[in-house]
Amino acid sequence: MKAIIGSVTAGLGGSWWRSLRRWLQSSQKSGFSDGELSDLPAPLRNRLQQDIESLLAPEASRTTICTAVQEGLKRWRQQPQAGNALVILANPLEPLDHLLSDALSADAGFRASDLITPLAADQRRDDPLTMPELVREAFRALPAMPSGDNNSDKDGGAEGGEQARLVLIPALDMLFLRCIGGWESIEVLRSELVQRPDLFWVIGCNRWAWSFLDAVAQAEACFGAPVSLPRLGGDDLKPWLLSLESLPPAVEANTDSFDWQELADLAKGVSTIAARIWLDGLRVEEQPNGAGDEPRLIATGPALRSLPSLVGIDRYLLHAVLIHGRISRRHLIRCLGDADGRVEARTQWLLRQGILETRGDILMVSPLHYGQIASDLANNNFFVESA
Amino acid sequence: MPIAQLNSSVFTDLFTDLTLAKLLRAAIAIGIAYGGMWLVEVSTTWASEKVARRFRMLIKQSLPLWKAIILITTISYLLQQFLKLSQTNLLAITGTIAIALAFALKDYVSSIIAGIVALFEAPYRVGDRIQIGDHYGEMVGYGLRAIQLHTPDDNIVTIPHNKTWTEAIANANTGALEAQVATDFYFDHQIESDIVITILRQAAYSSPYTQLRLPVTVIMREYPWGTQFKLRCYPLDIRDEFTYRTDLIRRSKQAFRRHGLAYPNLPAGWPGIRGESGSERDG
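Chains as they are written, first to last, in my numbering: chain E, 3 to 389; chain D, 19 to 301.
Hints are computed from structural coordinates only; laboratory data are not their basis. Every value quoted in this text rests on a predicted model; they were computed, and no experiment measured them. Be a bit skeptical, because a hint or two may be false.
Stated by the list, open to error - One side of the interface only, derived from the structure: several residues of chain D facing chain E at Cβ under 8 Å:
#	residue
1	Ala-190
2	Tyr-223
3	Pro-226
4	Arg-231
5	Pro-233
6	Ile-267
7	Arg-268
As the list claims (entries may be wrong) - Computed list of lysine to any residue pairs in SDA-like fashion (alpha-carbon distance at most 25 Å, straight line):
#	chain 1	residue 1	chain 2	residue 2
8	E	Lys-270	D	Arg-231
9	D	Lys-40	D	Tyr-95
10	E	Lys-270	D	Ala-70
11	D	Lys-68	E	Arg-317
12	E	Lys-270	E	Gly-283
13	D	Lys-271	E	Asp-340
14	D	Lys-271	E	Arg-127
15	E	Lys-270	E	Asn-381
16	E	Lys-240	E	Leu-58
17	D	Lys-68	E	Pro-310
Said to hold, decoys possible - Not close to chain D: a few residues of chain E, all C-beta gaps over 10 Å, as computed:
#	residue
18	Ser-40
19	Leu-46
20	Ser-230
21	Leu-244
22	Ser-245
23	Thr-302
24	Ser-308
25	Ala-347
Just so you know, even glycine gets a beta-carbon here, dropped at the ideal spot from N, CA and C.
Excised from the complex, chain E in its bound form (with noise of 0.2 Å):
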């Protein structure tokens, strides 16, 4: 019986049915009605994003993480041939850089001495003309190749912790710009892992990059298969954000009741966009006659905010920040060509939607937008995430 309401449900379209069987449930899940919850006050908020952005990523991706890169530190050292790089990929909206430099500092037991960081996950210049030769001047500054045999010096690394070989991409997207020879540092790449066998690569990309980068320049080919994170689901969630510091212990009061695998199906898996969506129910209860010092914060949802009409330059210009997971307004002008204004009066609009947020002059889509626009570029025939 569960199996033919499966397929049928399945048949009507899984997101139709979800979002039907949420609204139904949602009156039903804090227990609270509007009227007796108001919103998180700015400090607050802040001080929880703060606290949420610093947290060590959830155990299920490092340990991914370090399991892939011991498994392919052990092929390279036995199958040379084999390849000398190994690629992970994230959701755009992931933080890769440090959950790559947790990942493999806190729980491989690399030592950072051991890992080379030639390039910074923030380095994508100006004018993108000039990023090749910016990777070849990071390349230069690699420790020298060991004279002799090259193959006969892999026995470094994380358990032996001496002679450091290995160097971190830590984001493969801030590498290239999507315009006319916007990836040739890409190439540079690829021939600086021919030309240095004796180190091995850990390569940190987005996926929808990924997937571009691929089409473009055969990434897959050149840097091998590449990993990807897992779908986190509702058990790995709800350890890692109820293991906030500041958060009041009155929250811990209804997270039984809170459905953290909807949580989890909602952000695909994918924590960043869990904790925003999380973070984003968070209600202060009323206290009655202003009783109590702690707000008592209770968690509502979880929900998605609706998506607005987007018309069809909205969806070039979110797919152009996708893939390159975080870009400036220069760099997204010359993606698209602007030659009347559009693309900057549409990302206003976008971000005035907060279906775009800005840190600085650094534009990317809201986590709380993320599922449905990837699915309308999707549904609108657009080159989307890889798997």
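Assemble the complex: chain E is given as a structure, and chain D must be docked to it using the hints.
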């Protein structure tokens, strides 16, 4: 038997009694059919523009089917109302109609039959970009007698279905969202062709309109006055064809200028250049 009596006998054998109620029902049926056709046309057009792109063609292509269902249902109802449909009568009616049509409505019926044949052969479907004769555009209507094309100049051109008997029909996308766009570039013989090919390929890959799942190719051809490079690639949506081509040219020209690539130097009075296809779609 007198002729008048014979005619009267055939008439009563062939047709049912004519009453006011039947006439009223027939009028209502025709009205409903006409309204239904209009409603189907409006609603499929509206729905196809509201849904995600990947469902657009599916909805548009269903239009002729809905119209055919309405038409067949209405005609069957009217025949059943006014005719005694015995085997002999059917033969008599078919013969009479055939003779009448052969003389009076030949082209009209030819178009209707061509429209029905086209439903099965599908040389064009609603939403396709097609070229018939000198007319190129998106097919926006599929009527009983004719189709309608929306041209890049924003004209609606009506073309009878029976053109399919005699004219070649070029269909750019045959039901898909994408269709190949070919863009020509011309250079002096002395330029480094590898640089041009790289730039053109990257122009296609970097354009936000490009469908990256489909191939990008550059082909060359030599002329006495220079070298032709033809970039072949696919936009995400064929409706963006002309915007896409403009974007490709804009990107490429920026890079050509950066590399100082020389265009052909044609002598004064040289005749216009036409691409190899001979039927350029100029937007």
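**Study point:** Hint numbers contradicted by this structure
**Key:** Hints 1, 5 and 6 are the ones this structure does not satisfy, whereas the remaining hints hold.
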